[in-house]
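Turn these sequences into a full structure, and let the hints guide you.
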Amino acid sequence: MKNKKAWRYSLNSKAFIIGAVVIVLLLNAILIALNDKISLEIDFTKDQIFALTEESKEIVDQIDADTEILMLTTGTESETLSMVQNVLEEYTQRNSKITVREVDVIKNPAEVQAYAYELADMAIGSLIIRQGERYEFVNSQDFFSQNGYSYVERMVTTKLASFIDGITLSEITFTTGHGEQISSNATKILEMGGYSVKQLDMLTGELPAEANSLVIISSPQTDFSPEEIDKLDAYLDKGGNVQIYFDPLYGGAGLINLESYLTEDWGVIRNNDVIFDRGNMIENSNFMLAELGEHEMVEPIAESQKRAGYGPANSLDRAVEIPPSVEISTVLSTTDEAYAKGSLESLKEGDVAKAPDDAEGPFDVMLVAERQTSNVENEVFTGRLVVGGSVLIFDQLTTDTRFANEDLLLNSVSWMKGASASITVRAKALPGGKMVLSKTQFWTWFVILVAVVPLAILGAGIVVFMKRRYK
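In this note's numbering, the protein residues as written are 972 to 1442.
One or more hints might be untrue.
Calculated lysine to any residue pairs in the SDA-like style (CA-CA distance at most 25 Å, straight line) [claimed, not checked]:
hint, residue 1, residue 2
1, LYS1028, GLU1107
2, LYS1159, LEU1260
3, LYS1209, PHE1352
4, LYS1130, THR1044
5, LYS1159, VAL1058
6, LYS1202, GLY1225
7, LYS1130, SER1167
8, LYS1209, PRO1179
9, LYS1388, ALA1132
10, LYS1388, GLU1177
11, LYS1159, GLU1026
12, LYS1388, TYR1166
13, LYS1028, MET1042
14, LYS1078, MET1042
15, LYS1325, GLY1250
Have a look at the derived ranges for each label pair, beta carbon to beta carbon [what the hints assert, rightly or not]:
hint, residue 1, residue 2, range
16, GLU1177, ILE1153, 15 to 21 Å
17, GLU1060, ASN1255, 38 to 44 Å
18, GLU1048, ILE1135, 28 to 34 Å
19, ALA1324, GLU1270, 35 to 41 Å
20, ASN1349, ASN1110, 46 to 52 Å
What the hints contain is simulated information worked out from the structure, not anything from laboratory work. The C-beta atom is built at its ideal place from N, Cα and C for all residues, glycine as well.
As structure tokens, then:
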């Protein structure tokens, strides 16, 4: 009887242990299978770097044809590649039409031979996104900023949008012919944001006729002709959008026609001075931090608790008599400790100290104005104008993600083109202290935790049982 009970006890114990091991193995197999379809990870990073924004989800959900993302590698693994792979997995889990595949360009160069010309300037880890005969490239050199921010999601989502019927890249036109200085940094941010950037000589070309188009005049050095001013005014009358940024240090002192138009037709005055806000200087630079206005363009920035910066700037004023159809709002301003130097000659000599006759702040640095007009058919159009006293609002600081200038640029474009100004697919802070495993590391730990450890525990249990059984 005793032996029968012991035998039954032994059988039950073995069955329990074997059953527990089988359940653990089955559960892990199920979780692995589910992970290909559903993200089983929780993203605790500050900016949700491993999760898609709602804007990306809307784009991904519209992909209705097989779309393949090729990641170019050399067979070696790195933390950076693993991080990009983790982001790409979010796209494949969201839409089964999207797949990701690594291509070893050393072992299989023929697979990317058709793209050899375009790939000449691209680094390892770059992406080829293709759908049928259509394809787009994402250069891995643009994935991350030097100060620790990721552009991966923005760039991939933007490229995927180009494959969706009905979605076309919005155009942004920079004027030329007046010595304009077009910022490569601002252009890069706009292109990464999904905009098509082009240039136009206003004297010989025509401004865009499309609704919600945008024209940017960046640091003009010479004046606009009366004919060009008429073109600009007619464009705004039809609901166009214009942004103008001045450069107080290196030109633009004789812009009589342009400045007269701004004052008489829009009530915006550009002063021939240079602002200094010594209490808000950014360390080791000539840039200053600005105060945010209350316009909807900067509301999301205020919520993000970032600050926008600007370089040497002209102060901006409102005219005594503003046209009744125009409304003006402040976007950026200085503190009341700022002062304005009226003599550029003294600045060139390095004299930036406040003089008794210098005007005192606060000053407006960036203004936005709206003007409503109607035609003979009583159609109402709203023209929008942004005027900045510093062209450096959207230059070096635009790609420095410690500041809000990138968000300000994209919000201003979004607002002028009729969309709500919101921070969506923007740069995301890279995680500090988050462990990102390569595939080799993952499978090593998988085998240890899922197979080795449970088997070791099973073995130890059997040893203990056998010792007690035959003691």
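| Broken hints, numbered, in rising order? | Violated hints: none at all, because every hint is consistent with the structure.
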